[in-house]
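Each step along the sequence shown adds one to the number in the numbering used here, with nothing skipped, and position 379 is 379.
Hints were generated in silico from the structure; no laboratory data involved. There are no misleading hints in this set.
For lysine-lysine, the following DSS-like pairs were computed, each having C-alpha atoms within a straight-line distance of at most 30 angstroms:
# : residue 1 : residue 2
1 : Lys-364   : Lys-257
2 : Lys-404   : Lys-282
3 : Lys-282   : Lys-106
4 : Lys-110   : Lys-282
Computed spacing ranges between beta-carbons, pair by pair:
# : residue 1 : residue 2 : range
5 : Arg-228   : Leu-286   : 43 to 51 angstroms
6 : Trp-75    : Gln-47    : 36 to 44 angstroms
7 : Trp-75    : Asn-335   : 40 to 48 angstroms
8 : Asn-51    : Asn-76    : 36 to 44 angstroms
9 : Lys-106   : Asn-76    : 47 to 55 angstroms
Cβ coordinates follow ideal geometry from the N, Cα and C atoms, glycine included.
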Amino acid sequence: MESIRLFVNQVKSKLASLDDESDYFRQMEWAMVVAGIRLPSQNSTYQRLFNCYRILMLLQFSIWVDRVYVAYTEWNSPGELIGVVAFCLALVMILSRVVLMRVYLKDLLKVRDGLENRLNNHHSEGRVRSYRLIRRFFMVLEWIYLFDQIILYAFGINEERQYSVPDNLRRLSKRSKLGFDIFICSNHFVFSSVYASILTIMNTVFMGFSTELENIVSECNGIFERARQQVTVIPLYEGSSEHTEMRENLVFWSTLKNEISLIAERHSELIEHVATVRNLLKVSFLLIFYTEIVFIGCALFYVKLIGITMNTVIVVSYVASILLECYWFCRLTDNINGTNRAIGFALYNLDWPIQLCDLPNSRKQYLEIRASLLVIMTRSQQNLGITCGGMFEMSAQAFDELMKMIYSCLMFLLSVTT
Numbered sequence: 001m002e003s004i005r006l007f008v009n010q011v012k013s014k015l016a017s018l019d020d021e022s023d024y025f026r027q028m029e030w031a032m033v034v035a036g037i038r039l040p041s042q043n044s045t046y047q048r049l050f051n052c053y054r055i056l057m058l059l060q061f062s063i064w065v066d067r068v069y070v071a072y073t074e075w076n077s078p079g080e081l082i083g084v085v086a087f088c089l090a091l092v093m094i095l096s097r098v099v100l101m102r103v104y105l106k107d108l109l110k111v112r113d114g115l116e117n118r119l120n121n122h123h124s125e126g127r128v129r130s131y132r133l134i135r136r137f138f139m140v141l142e143w144i145y146l147f148d149q150i151i152l153y154a155f156g157i158n159e160e161r162q163y164s165v166p167d168n169l170r171r172l173s174k175r176s177k178l179g180f181d182i183f184i185c186s187n188h189f190v191f192s193s194v195y196a197s198i199l200t201i202m203n204t205v206f207m208g209f210s211t212e213l214e215n216i217v218s219e220c221n222g223i224f225e226r227a228r229q230q231v232t233v234i235p236l237y238e239g240s241s242e243h244t245e246m247r248e249n250l251v252f253w254s255t256l257k258n259e260i261s262l263i264a265e266r267h268s269e270l271i272e273h274v275a276t277v278r279n280l281l282k283v284s285f286l287l288i289f290y291t292e293i294v295f296i297g298c299a300l301f302y303v304k305l306i307g308i309t310m311n312t313v314i315v316v317s318y319v320a321s322i323l324l325e326c327y328w329f330c331r332l333t334d335n336i337n338g339t340n341r342a343i344g345f346a347l348y349n350l351d352w353p354i355q356l357c358d359l360p361n362s363r364k365q366y367l368e369i370r371a372s373l374l375v376i377m378t379r380s381q382q383n384l385g386i387t388c389g390g391m392f393e394m395s396a397q398a399f400d401e402l403m404k405m406i407y408s409c410l411m412f413l414l415s416v417t418t
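Whenever a hint applies, use it, and build me the whole structure from the sequences.
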């Protein structure tokens, strides 16, 4: 037992050395490789291997399209047909999102480059927490899908018809049949890893937005302290106390104006980053919502027809992970919009009446600062425009509506069979 503990500690230390959390978007880069979206290396050999990996994924997908056709024409089993259709719909959803991210890859990279310097140069508590949460989310999904793959072989699910060798391949040698069995059964883990990678990419973008907004709120809360510190470090010339106080006030107003301008610029850049990926998020959530309604409805209908088996346990695990994704992104969107509003509240709750005096010599700075504050506070009270196909805002209320639509889809399928 002691040797196992030592081995686990060695593995943890090795992984910690590989990932020192210095690059916030390192996990996103690895996820793009696993999903077949982008390979950072320009090495020709690695690029060929990467293209082969993409081709293997397409071949595995094409086999399940063939399974749907065979189930419809030959099996004469509504339950198995619904099960194969549900799984094929899940693959369509996963591949469609991969293609969508490949189409909007430039937008993703632009957002990554914009947030990279800010998040990598400032290791705040929220930044460290969000980074580890992204990693934990990915690892939990991978362990669940690996466990599903073990169940697939341990309980003989791989011998069922949907995983069997097609009739036109039965004359092949035993090694060829074994290779085909591994090829078709391993797609559970392969496409599950692709799905977890897609979720990691989206999660990194959302958590990056949330962390940057939290940093802006923190900057707003300490704006007076930083302005006062700047006044103390700037040397002041000797003179009367009245002139000294006047110079201190002028330096304070100038420093405060620069601080607010930096906050306004930072907030404006974040809004631009959200606008850059808005089309990607809009189409992605539209695809997620309405594909998952049909997939989850068919999957639950399949469980209803077949009953509780190890195969339906795997199906339920996929349903649970997809529902968890929808719920997670709806909550994240609520959190991002809430943190954005917190910027205005943080500025409003500062000790303005005491800290600022409308001095005649500082009238111009006073008006400029007030105009900048009004712009920031007004913009921060608006949602960032993360929608599902431009039809409705992503929120916890949207998730409630999704659950109602899934229930309606399931009831429709049950009424058709009766």
